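Trainee: Respectively, the protein sequence lines represent chains A and B.
Residues 1 to 580 in our numbering are what the first sequence spells out, letter by letter.
Residues 1001 to 1469 in our numbering are what the second sequence spells out, letter by letter.
Keep in mind that the hints are not guaranteed to be accurate.
[What the hints assert, rightly or not] With the Cβ distance kept under 10 Å, some of the chain B side facing chain A (calculated, not the full set):
(1) E1144
(2) F1272
(3) F1318
(4) I1329
(5) L1342
(6) W1400
(7) E1404
(8) P1405
I should point out that these hints are in silico values taken from the structure, not numbers from a laboratory.
Nothing here was measured: the structure is a model prediction, and the numbers come from that model.
By construction, the Cβ of each residue, glycine as well, lies at the ideal position given by its N, Cα and C atoms.
Below are the chains, spelled out letter by letter.
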Amino acid sequence: MKIVVCIKQVPEIGEARINPVTGTLDRSEVPLTINPIDLHALELALQLKEQNGGEILVISMGPGSAEKILREALALGCDDARLITGKEFAASDTYATSSVLAGAIGILPAVDLVIAGEKAIDGDTGQIGPEVAAFLDLPIFSYVIDFYLTPNGHFHIERLTERGSQSVEIDPPCVVTVTKGINVPRFPTLHGKRKARQKIIQILDASSLPIHRERIGLEGSPTRVVKVENVQVERKGIILRDMDEVEMENSVEVLILGEVFEGKVEQTTFQAIAVGQILHQKGIRKVGVLLGSGHLNDGELDKTIHYGADELYYLENPVFDSLAYHVTARLILQKVNFLRPSIILAAATSQGTTLMPYLAAKLHTGLTADCVSFDIDPRDGKLLQIRPAIGGNIMATIKTRTLPQMATIRPNTFLANYFPQHLGRITLEKDPTNYQTGFLKNQLRKDENSLDLTEARVVCSGGRGLKNAHNFTLVEQLAQNLGAAVGASRAAVEQGWISYPHQVGLSGKTVSPEVYICAGISGALQHLAGMQTSGSIVAINRDPEAQIFRVADLGLVGDACEILPLIIDGLNRRKKHVRV
Amino acid sequence: MSEFKKISSQDITFFRSVVGEQGVTTEPEALKNYSRDETPDPTLRRFPEVVIKPHETTEIQAIMHYCSQNTIAVTPRGAGSGLSGGAIPARGGVVLSLERMNRILEVDHENLMVVVEPGVITNEINRKLKPYHLFYAGYPMSLETCQIGGNIAENAGGGKAVKYGVTGTYVRGVEFVTASGELLKFGGKIFKDVSSYDIVHLLVGSEGTLGIVTRIYLKVLPLPRARAVLLAPFDDPAPALHLPVTILSEMGMTPASIEYMNHLSLEYGYRFSNHTYPFPEASCHILLEIDGQEEEVVYREYDCLGERLFQEGAKEVFVADNAVAIEDIWRIRRAIPEALHLALPQEINEDISVPVASIPELVTFVEHLGQEFHLISPIYGHLGDGNLHITLAGSQNDQWEEKEPLIHECFYSKVASLGGVLSGEHGVGFKRRKYLPYFYHPEEINLLRRLKAAFDPQGILNPDKVLPD
Ligand SMILES: Cc1cc2nc3c(=O)[nH]c(=O)nc-3n(C[C@H](O)[C@H](O)[C@H](O)COP(=O)(O)OP(=O)(O)OC[C@H]3O[C@@H](n4cnc5c(N)ncnc54)[C@H](O)[C@@H]3O)c2cc1C
Ligand SMILES: Cc1cc2nc3c(=O)[nH]c(=O)nc-3n(C[C@H](O)[C@H](O)[C@H](O)COP(=O)(O)OP(=O)(O)OC[C@H]3O[C@@H](n4cnc5c(N)ncnc54)[C@H](O)[C@@H]3O)c2cc1C
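Taking the hints into account, I'd like the entire structure generated from these sequences.
Mentor: If you want it as structure tokens, here you go:
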């Protein structure tokens, strides 16, 4: 088996430094290391090689110093390494980077498998894997949690989705991105280290690769960071560089790619439509929504209109339910080429973060991941895409020079709005074609209770302030209501109200959900160490002086045993309301 | 035993007038957090009557003056991560929590010194120093939790003591408030000082019984640019335990750390951290850390050390030289103490320190002791400086109460006969004070008492600590 692993050199966690003398970001002295999730990608390759034989090539695009991480991969047991480096590649965005990596992989004979980490901790987009797959025209499987070769020589792949998991069998070749849970990376041995020092690493530059010059580096990057600002100090943003002016086309229209699960349109799709409506108020003409599935329940189309769709296109074909993104992308592309929207948006779910990069690469356009805010630039009518960067300390505003302008939206940052009076047009297309996915087996398993604390998007935690095990169940009820995972302070674990694997903090788990809700937790330093990078923090505490309020975005001062039931009740009522 | 005055509402009014409403707590629920430190033994819990959180040194002076006038017991407290019961208010009274005195006052990079208040979390110092390419080397393993004042009071050591020494090595000056409320200063931003008795290093390790440290002058070092960690599993622990002699004396090399973890201690660590080392069935694992300014030099050192580990019987030698892998290896080692405290709250948990060449003999002795008394004994810790953490827990805990004093006696007699001491880094505090007579003659303990009396004639500062009854 011939395996290619793509790895990246990143700054060590928390190492973005401010020079104490000059007060500016100090890039020169930041220690660099291998992207942690890439170690899991390497481990998968090594295990596959041990079990089935074969050869592993590691590639990295980056500065000369990235040679070090390639040597680390060689020390672990990879056979060969290539470094793609040169000034011409500098400032590449994910589109440009993927096109280069795909170019380097494309010239290799008979690659069976390309593996990448789920995302890099610095850029945090997760777009490289799907975009590489699109350039290579290969099937993509993201968020892979299990992978092996069956006795018949098929790949067995299991990937995680919000709703559970998908397991597929397919013939090589394909591209996978792996999650941390897939394996435990090994450490290199002394002999491995010694051998790696002797090896020659092939250096490639733009001239040695079959790539379009106009697709690499800053010039080849469709997205531009136009502004970064510190989240703490509002409006004190520093302008990095201004936009290159691009002629706008007339048709200003936004297309939302929606998701359907078991015949129902997902809530995250309604949230994305709400973004469309926000843009509509800023001058975007129409909000289009594209849904695809094998089956849709009665009333779902009308409901989608009432959430704000002006034009709703529904493609009916079972291939959408198979999550074969390399196939569904083709169908969506046809529609996009026909509609020619200037903006395409989707929720940053496991589907959105896989399908959108795949589409972006095919459309030769840029994609901004995980946006939390949008605006329209009044000067040129272009979409301003705002997302957290560098661990959330900074907000970056990004513009796309090419069309369409694409972005994924962080789930649960926008509120879905129901407009019972809203009118829209529905276009229904039943497509009878039996599309070939290449999947030899495809099984979707529903499992909504498997929420891993560290992966959960919402975490509800309780502490000693809840007083007893009975009150602690309020936290569990709230979590169930929100589809959240349950966390706890060490004090709550010590009381035996919940088991140790739920402990958040220095000696428990480190979590970084989009929303962290905690009740009766004082906010001891060791607890904060495990949750302070969360997107938003909601704290319920009786003591207005509690340390937790210093990190909270929303603080509720009061008795948790009174407040929690009110919230749970409110959620229950809202759910009923929405159903009507 | 001296008598202390109970806290009255009048006292509370006075304390509030000094530090403000918010700085004084009497609510029982809040006091609970101050009734313990990280010592697992549930019998070592005492409630304070009031917790005071001063902001300024002058406030501490006023409080101490008042408490000495009224004979009120005062227990200074850092982060409460101590393992000797040092911060537990054995006689109630005031807990003086230094958590709000948490300013880093100065980074003097020309003189390679930092000036800090006691409540600074130790890791904060290193975070602050990093952009200057400097670091404070005296930190313990609990660096993300503990406060520098607590470190000084316990003369904490850490994983890197083999090369860098312990907290005291870096303390060049202290300011402290005496029991009667005076503010004194000894030392400063200086490297050498024989201009008086070494009061600085008398305060270091005094466990809050001699004075309340309010300002600290710490020496700092250039931050090593390159690091590597070696991990080696062994089937035979004998050559592994002999490694300090092999490496430090025979090879003449000085790694930053030489850590030892026996199979049993790792089993608890694995369960707690949900990760395992390769070769989990090995009888022990050795962890070596090497650091330096140049990658090549570090490479040559670990290459040479790794080769030697093979000669000594290592089954394999793993190398981590990037931050992710280094952390992956240390994380399991760091999980061991908490894992043990959780799993074995009734254990005998030791912090003895012996001459490094005597370690194999001591460990063999512990094995015999274990057989005799049916004990399980996880052993881990700082092999390179002779400071192993030995846990002795009853496997049949029916007669534990009877056996425990006997086990202690056998164990301490052995440690003393090897020229060892009662505690290497955690301190005597509340927990070990009754064992002092195993290690010191009455005259020696008498000198300690006279010293204490010279600083604190009424005995109001951290009573019932260090010295036996
Ligand atoms: C080495 C070490 C490692 C540690 N690791 C961790 C770790 O991983 N995770 C962790 O969490 N801790 C850890 N700790 C412990 C940490 O220091 C705290 O003790 C712990 O987090 C406190 O938990 P708590 O907030 O639930 O309890 P408390 O600190 O007792 O706080 C209870 C809070 O509840 C509030 N409250 C009381 N009643 C009510 C009510 N009716 N309604 C609303 N609020 C109420 C109170 O005002 C108070 O703020 C560690 C400590 C050490 C020394
Ligand atoms: C998981 C874990 C790992 C640990 N690892 C290590 C290690 O590697 N090495 C090591 O040495 N220790 C270690 N410890 C023990 C502990 O962290 C240290 O003893 C530390 O120095 C205590 O600091 P603290 O701020 O928590 O002090 P506290 O526990 O609050 O107090 C300790 C003593 O200091 C006194 N004190 C505190 N502040 C002052 C002050 N300003 N003036 C005068 N007296 C004061 C108190 O009265 C008390 O006697 C570990 C503990 C845990 C829980």
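Trainee: Take the hints in turn and mark each one as holding or not.
Mentor: Taking the hints in turn, this is what the structure says about them:
1. E1144: holds (6 Å)
2. F1272: Holds: closest Cβ of chain A sits about 8 Å from F1272(B), inside 10 Å.
3. F1318: At 4 Å from the nearest chain A Cβ, F1318(B) passes the 10 Å test, so the hint holds.
4. I1329: holds (7 Å)
5. L1342: Result: holds, 8 Å to nearest chain A Cβ.
6. W1400: violated (22 Å)
7. E1404: violated (24 Å)
8. P1405: violated (28 Å)
In summary, the numbered hints that this structure violates are 6, 7 and 8.
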